[in-house]
Amino acid sequence: SQQGEEDPQALSIQEGENATMNCSYKTSINNLQWYRQNSGRGLVHLILIRSNEREKHSGRLRVTLDTSKKSSSLLITASRAADTASYFCATDAMGNMLTFGGGTRLMVKP
Amino acid sequence: DGGITQSPKYLFRKEGQNVTLSCEQNLNHDAMYWYRQDPGQGLRLIYYSQIVNDFQKGDIAEGYSVSREKKESFPLTVTSAQKNPTAFYLCASSPGQGSSYNSPLHFGNGTRLTVT
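Residue numbers (the numbering used here), protein chains in the order written: chain A, 107 to 216; chain B, 539 to 654.
Among the hints, a few may not be true.
Mimicking SDA-like on lysine to any residue, the simulated pairs with C-alpha atoms at most 25 Å apart in a straight line are [unchecked claim]:
#1 Lys176/A <-> Ser641/B
#2 Lys547/B <-> Arg142/A
#3 Lys552/B <-> Gly146/A
#4 Lys176/A <-> Asn124/A
#5 Lys595/B <-> Glu111/A
#6 Lys175/A <-> Gln579/B
#7 Lys609/B <-> Met203/A
Don't read these hints as lab results, they were simulated from the structure.
If we strip away everything but chain A, and leave its shape as in the complex, we get (with noise of 0.2 Å):
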């Protein structure tokens, strides 16, 4: 089974509201990462959280990281329909290659 997995599948907001994604993984980690996916395109890098911080901004997005719960959040605040895409968690089990979740489908209604 698949290293991280997000929760929830799928996500229906509208704009301007907060959305919050979460990724929840089995094996010690050195990083995590999360991505994003576009209909169609391939997968844009969107922060990496290493596993000694617990919390790191860019821009709207917001990502917490709970090693003693295995998991993580991703926090997209004031949401656009340009937001709309698929966001992948991806972590790398101490040495070995990301190994990439299920995603969240989000849509961001205008």
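Following the hints, put chain B in place on chain A, whose structure we already have.
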């Protein structure tokens, strides 16, 4: 403009034929990767290469082959032995050897392969 180019965007093949997907990068990255994505699922690693003339199998290498003769190029061949080849294929790269856990991956825009 630095980036990864995958071609073609769409590819159609008959069952039993081998097909090669192209991936070229001008980022001067040492490491390159091939992932497969099925509808509603995450990415699964097929093959990766950390340096020219060397590559390793990923989680789902059966029915696929690769070569890494040049730093810039990492073509993937989907052979007739692959039981379920229809999928979206993504190529990625990262700087440095074995740096996947330190650096983000840069992705191409994928090739959608349909085999009938």
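Verification of the supplied hints:
1. Note on Lys176/A and Ser641/B: the hinted pairing holds, with a Cα-Cα distance of about 21 Å set against a maximum of 25 Å.
2. Annotation: proposed proximity of Lys547/B to Arg142/A holds, straight-line Cα distance about 19 Å (limit 25 Å).
3. Taken as a hint, the Lys552/B and Gly146/A pair is honoured in the structure, with Cα atoms around 22 Å apart against an allowance of 25 Å.
4. Of the pairs offered as hints, the one joining Lys176/A and Asn124/A holds, with about 23 Å between alpha carbons and a cut-off of 25 Å not exceeded.
5. Note on Lys595/B and Glu111/A: the hinted pairing holds, with a Cα-Cα distance of about 23 Å set against a maximum of 25 Å.
6. A C-alpha spacing of about 24 Å is found between Lys175/A and Gln579/B, which places the hinted pair at or below 25 Å, so the restraint holds.
7. Simply put, Lys609/B and Met203/A have alpha-carbon atoms about 19 Å apart, close enough for the 25 Å limit, and the pair holds.
The structure meets every hint from the earlier list without exception.
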